[in-house]
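One line per chain: the protein sequences are A and B, in this order. Each residue of the first sequence is one higher than the last, beginning at 1 in my numbering. Each residue of the second sequence is one higher than the last, beginning at 1001 in my numbering.
One thing to keep in mind: the hints can contain errors.
Computed cross-link-like contacts, DMTMM-like style, restricted to lysine to aspartate or glutamate with a CA-CA straight-line distance of at most 25 Å [as the list claims (entries may be wrong)]:
1. B/Lys1003 - B/Glu1068
2. B/Lys1071 - A/Glu46
3. B/Lys1224 - A/Glu21
4. B/Lys1056 - A/Glu41
In short, the hints are calculated from the structure, not lab data.
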Amino acid sequence: MSNNNLIKGSLQTIILKLLEENDKMYGYEITQKVKELTAGEIKITEGALYPALHKLEAEGLLTTEIQQVDNRVRKYYSLTKSGKKEVSSKLAELQAFVENMQRIINPGLNPDLKF
Amino acid sequence: MRKLSTSELQAVQKSIIKKEIYAVELLGEIYDHYLSHLENLPEEKFDKELEALDQKWTYAYCHKIQSELNKNIQKSIRSTQWSIIKSYFSWPKMAFTLALVGILTLLVNMLTWKMQVILLFLLPLVYLVGFMFYITYRSRKKTKAIRTLFGNSGIRVRSVFSNHFISYLTLPLHFYNLFLNLPRVFGLDKLVPDYLVNYLSVTCCFIVVIHSLSSYEAWKMKSKSAFV
């Protein structure tokens, strides 16, 4: 069911939402959390995840913290103040997109119907 | 979750070394990703899963992320420093900026040309060079663990953040060469009228000082999360 192109478009929103709920997370943890929440239906590929994380960090929406874990370094990502503000607007954007897609797929549905 | 054996850890390191990545920032992240995944699996699945990870993290893919990381780090340094510079022109830092310009103007009018060069240009430049050495030392110290793990790949493993940050620090030196040394080489410096020299001195010095201060503040902010 899951299509990589569809996921790519909403990956930033997924990351921001997860970090809003989990305070701080590292790359692998994010992939596992998405897998767990969607019962394995959506698998975020590393190919898309890390560039998205680095981009969000460069845009100032995420901040990082490096911790020593079992003789290796682990990079934790968390939301910055502007990242926290961005979550709601990104979610609203995604919500509106899903509603519009629904109208296209099911034109017979009530246009005022909210999901 | 289990602890990986020494030979398993070495196998992981070997397979990451093959990707010829030089960015410490990325090496640390990939290594943690590999280990986090493999630690959750039984010993008998190790080889198969390591191969599967290698197929996802291909040479080309790793180099693509590395090149994007370079761009993102440059963007991040630029935007951080620019936001700090902008803050010098807004209240309450504006008072400091005006005081700085006032002091520089007074100094320029009081000092001889030779003293102006020593105090207004050489001091900030010496500070920047010292700061560069300090950042190089700090970065090498912070990246030592990763360099030890992946340093024998024949590739100079280094912090991309530190490299770009040092490049930004050297900007005034290029500025100095381009606008002061080069015109002197072609004898164009004599074209600048005397009355303009003092204004130019204040402007150049102001830029160098603001650059030095904002670089320091940017480093203070970034040193908490980056290898600098």
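Check the structure against each numbered hint from earlier and tell me which ones fail, lowest number first. Violated: hint 1 alone.
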